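Chemist: Sequence:
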Amino acid sequence: MIEWLTETVVGKFLSTLFISMAPVVELRLGLPYGIALGLDYPLALAAALIGNMIPVPFIVIYIERIFAWLRRHFAKLDSVISKLENKAHLKGETVKKYGPLGLLIFVAIPLPGTGAWTGALVAALLNMRVRQAAPSILLGVCIAAAIMTALTFGIIKIV
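Converting from the sequence shown to the working numbering requires adding 860 to each position, the first position being numbered 1.
Hints may contain errors.
Said to hold, decoys possible - Within a straight-line C-alpha distance of at most 30 angstroms, the following computed DSBU-like cross-link-like pairs (lysine-lysine) qualify:
#1 K943 x K957
#2 K947 x K936
#3 K951 x K936
#4 K943 x K956
#5 K947 x K957
As the list claims (entries may be wrong) - Estimated spans, in silico, between C-beta atoms of each pair:
#6 P917 x V940: 19 to 27 angstroms
#7 T866 x R991: 31 to 39 angstroms
#8 N987 x W929: 14 to 22 angstroms
#9 Q992 x L930: 23 to 31 angstroms
#10 K956 x Y901: 31 to 39 angstroms
#11 R932 x Q992: 41 to 49 angstroms
#12 F918 x A1006: 21 to 29 angstroms
#13 K936 x E863: 36 to 44 angstroms
#14 I1007 x D900: 14 to 22 angstroms
#15 V940 x Q992: 24 to 32 angstroms
Hints were generated in silico from the structure; no laboratory data involved.
Since this is a predicted model, take the numbers as computed values, not measurements.
Yeah, the Cβ is synthetic: ideal placement off N, Cα and C, and Gly gets one too.
Construct the entire structure; sequences and hints are all you get.
Modeler: In structure tokens:
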């Protein structure tokens, strides 16, 4: 199975997509991973973009319900959830001030603690609708992809 994921185009595409879906690493790891596997750049980019965007509508729509359910059923997680919410609220101040443009800029910065997952969480906690948040997050992810592409190919040339 592992060989299939690293030796076939479909496997490389899917593994890049799944890595890009993961919180924290998202496209920042998924895109360089796909390129390092030898996936053609357009396919690596498509897999990373799609993978990074798949969780966004679910987070925006359902995260508050998920947090409430987790608090009811796993009381010990309350402090972790509260920390996540507080972080998102702090990061959301800029987004609140500048609206969708602030969300776009926030997501576009390819650093830990920014990105589509956190952007979607911020949007949810600010009661933004998916129709309003998703385009800003998508454009931010595209900008982050451009930055990661430049960094990835720059590092490859240096090495």
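Chemist: Taking 14 to 22 angstroms as the stated bounds, is the beta-carbon spacing between I1007 and D900 within them?
Modeler: 20 angstroms, holds
Chemist: Is the hinted pair K943 and K956 satisfied, with a Cα-Cα distance of at most 30 angstroms?
Modeler: 19 angstroms, holds
Chemist: Taking the Cβ atom of Q992 and the Cβ atom of L930, is their distance within the range 23 to 31 angstroms?
Modeler: 26 angstroms, holds
Chemist: Taking 30 angstroms as the top limit, are the C-alpha atoms of K943 and K957 close enough?
Modeler: 22 angstroms, holds
Chemist: Would the pair K947 and K936 pass a check requiring their Cα atoms to be no farther apart than 30 angstroms?
Modeler: 19 angstroms, holds
Chemist: Okay, F918 versus A1006 on CB: inside 21 to 29 angstroms?
Modeler: 25 angstroms, holds
Chemist: Taking 36 to 44 angstroms as the stated bounds, is the beta-carbon spacing between K936 and E863 within them?
Modeler: 40 angstroms, holds
Chemist: Against the 30 angstroms threshold, does the CA-CA distance of K947 and K957 hold or violate the hint?
Modeler: Between K947 and K957 the Cα gap is close to 16 angstroms, so the pair holds against 30 angstroms.
Chemist: Could one say that the CB atoms of T866 and R991 fall in the range 31 to 39 angstroms?
Modeler: 38 angstroms, holds
Chemist: Taking 14 to 22 angstroms as the stated bounds, is the beta-carbon spacing between N987 and W929 within them?
Modeler: Because 19 angstroms falls inside the window, the suggested range holds.
Chemist: Does the beta carbon distance between P917 and V940 stay inside 19 to 27 angstroms, or does it fall outside?
Modeler: Roughly 23 angstroms apart at Cβ, these two residues keep to the hinted range, so it holds.
Chemist: Taking the Cβ atom of K956 and the Cβ atom of Y901, is their distance within the range 31 to 39 angstroms?
Modeler: Since K956 and Y901 have Cβ atoms about 36 angstroms apart, the given range 31 to 39 angstroms holds.
Checked against the numbered hints above, the structure violates only hint 11.
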